[in-house]
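Peer 1: Now for the letters of each chain:
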Amino acid sequence: MSATSAQKPTLLSIRNIAKTFGRNVVLRDVSLQIAEGEFLTILGESGSGKTTLLRIIAGFETATSGEVWMGTERLDQQPPYRRRVNTVFQNYALFPHLTVEQNVAYGLRVARRPDAEIEQRVTEALEKVKMTAHARKKPSKISGGQQQRVALARALVNRPNLLLLDEPLSALDANLRRQMQVELKSLQREVGIAFVFVTHDQEEAMVMSDRIALLRSGELEQVASPREIYSRPATAYVAQFIGHTNLLRGEVRDGVARCGSLSWRTSAADGPALFSLRPEHLRPSSVASNGTVRVTGKVLQQAFHGATSLVRVECAEGLVLVMRTSSGALAAQEVELEFSPDDAIPVRESPERA
Amino acid sequence: MILADSQQRRTAPRANWLRLHASAVFAFLYLPIAVLILYSFNGQGVGGFPPHHLTLDWYRILFADGAIWDAVLNSLQVALAAMIISLALGIPAALALDRVQFPGKALFRRLVLLPLILPGIITGLSLLMLFNLTSVKLSLLTIALGHGTALISVAATEVFAGLQKLDRAQEEASLDLGANYWQTFWRVTVPNLKLPIIGAALLIFTLSMDEIAVSFFLIGRDNTLPLEIWGRLRRGITPEINAVSTIIFVFSLLTIVFWYRLRLRSQGTPDVGMELLDPSDGTSTQATKP
Chain A
1 MSATSAQKPT LLSIRNIAKT FGRNVVLRDV SLQIAEGEFL TILGESGSGK
51 TTLLRIIAGF ETATSGEVWM GTERLDQQPP YRRRVNTVFQ NYALFPHLTV
101 EQNVAYGLRV ARRPDAEIEQ RVTEALEKVK MTAHARKKPS KISGGQQQRV
151 ALARALVNRP NLLLLDEPLS ALDANLRRQM QVELKSLQRE VGIAFVFVTH
201 DQEEAMVMSD RIALLRSGEL EQVASPREIY SRPATAYVAQ FIGHTNLLRG
251 EVRDGVARCG SLSWRTSAAD GPALFSLRPE HLRPSSVASN GTVRVTGKVL
301 QQAFHGATSL VRVECAEGLV LVMRTSSGAL AAQEVELEFS PDDAIPVRES
351 PERA
Chain B
1 MILADSQQRR TAPRANWLRL HASAVFAFLY LPIAVLILYS FNGQGVGGFP
51 PHHLTLDWYR ILFADGAIWD AVLNSLQVAL AAMIISLALG IPAALALDRV
101 QFPGKALFRR LVLLPLILPG IITGLSLLML FNLTSVKLSL LTIALGHGTA
151 LISVAATEVF AGLQKLDRAQ EEASLDLGAN YWQTFWRVTV PNLKLPIIGA
201 ALLIFTLSMD EIAVSFFLIG RDNTLPLEIW GRLRRGITPE INAVSTIIFV
251 FSLLTIVFWY RLRLRSQGTP DVGMELLDPS DGTSTQATKP
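Chain order of the listed sequences is A and B.
Heads up: the first sequence runs through residues 1 to 354, numbered per the working numbering.
Heads up: the second sequence runs through residues 1 to 290, numbered per the working numbering.
Bear in mind the hints are in silico, worked out from the structure with no lab data behind them.
Keep in mind the model is a prediction, meaning the values are calculated, not measured.
All residues carry an ideal CB built from backbone N, CA and C; glycine is no exception.
Hints are not guaranteed to be accurate.
[Said to hold, decoys possible] Pairs of lysine to aspartate or glutamate residues, derived as DMTMM-like cross-links and limited to a Cα-Cα distance of at most 20 Å, are as follows: (1) A:141 - B:167; (2) A:138 - B:167; (3) A:8 - A:190; (4) B:194 - B:167; (5) A:8 - A:336; (6) A:8 - A:73.
[As the list claims (entries may be wrong)] Which bits of chain B does chain A cover? Going by a derived footprint, with three or more residues having C-beta under 8 Å, they are: (7) 183 to 193; (8) 248 to 261.
Generate the whole structure from the sequences, applying the supplied hints.
Peer 2: Now the structure itself:
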């Protein structure tokens, strides 16, 4: 997936962007390339700077240093209304005094397009988001999900090079959100416009994105496809933020990792090391397997999650491991677990940042 | 249930006192007006109780009275001019207070709001001295200038309150969609400030219509309505004054009703964020309509 998007020409290039509000450092040295037609998600906790980064691309904030380029054009020195970038705002920011139709036509009206063209494009855009029936209503008379569609149509009707979406699904309830995730993704494929999507919801990011840029305290931790970011997290923070994980702290000497009584062969460099081991890579050990790392422990707690359960197992020296199992509840109190050394992924420490 | 019953019993006498108190306050406020209106129909002038010989004579005299109508016309002109002056200066002041950070902003805010609490005598006297110094002849124009500048604070506070409630994301959305700052102001900001601007306009209009203190200092040859009434009162009270007051009262009442209807109508479009909290698809907004 990352290979295909890397082949596409770069649309937007964010170079060494930093932003401070007074003494508060919000972004430090962020560089990111967005390919044409790509669905990129900027993922991060609240306060990670993700919305600020989006607002810098849109033109509502000025970066303290760094540049934003779109092709051969420097974007960050243009006012928002000259950028071929449109935004879907968090609470949609529909104009309450205009009808749905007039909202969608707004961009074309201020661009002084001919009436016939405006009418045609607005009709098309409303059809695309299935809002034709509500064209003459005011935004306050339609539901949140419908407002969401209107906001999308209002942005897409201008045929921007890039669409920015600032947590557009956060105000919707869980079911509607899941439905909109699918719709949004297929809409993006259909129109072929690059999307930069901001969210704090890692599941949402995994479902929708071609690539995820994980932002932490104003710095990028990792930029990779969902599959890669999940299976090869670069840092301890990434491993913990995306899905569940077990962090094993130990020491590597002569190609052998040691963590308490456990040891396994690794390609990691010598020295103190940290490994991420996903719960699904732990399993009750069987006689047949060899070359696995085995550990015994006592079942502390089992949490039922539907298709799978998460089992907390306390091993020697206070090590607690979480195992994902799909085989129902474990009967035994004492269990022997195993994992293959390849599944223990070495990750960098994530130092505290102010 | 038992709890609710006992609570009701305990609050009942208190509610009665409250009702009595409220009635007394309302009587104090509105009884004089009722008396004023009643005596405008009294055939025997302002004396005598109870009024009898109900008549429309005073209205007939009033409508034939050229001086009163000249004064009304003067007042309308002054109020209209004051409204335009104070809105034209007050709206930019409110925008500056809401959006721009500049040195001396706190001082600027106080200077804008000061005329609200400044006694009319001070405002009138200082303007009179200014006009004397600059040898400007006193006329309706000087009164309009006086009202207009003194009421900037009303326009600024009303519009500022509206700006504070405005969802800034809407203006950003407008810029994002390709409208420049000027287009955004006229297409998004002003339509959203329609209510506070109309509210300020009505308030300024009525305040100017019955202003006496400032007008008293700045009056030239032509009288405004309050000064005309004041002048006649010194010569003795006639029900003709009651009649003109009644007309002013009815006019004010209509203005209030107009304002109220306007507000009710635009409550159908509150900010989008609030509507999201309400999944009932805007039925609540319809419920508030008469």
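Peer 1: For every hint, state whether the structure bears it out.
Peer 2: Here's how the hints hold up against the structure:
no.	hint	in the structure
1	A:141 - B:167	holds (18 Å)
2	A:138 - B:167	holds (17 Å)
3	A:8 - A:190	holds (17 Å)
4	B:194 - B:167	holds (14 Å)
5	A:8 - A:336	violated (48 Å)
6	A:8 - A:73	holds (18 Å)
7	183 to 193	holds (count 5)
8	248 to 261	violated (count 0)
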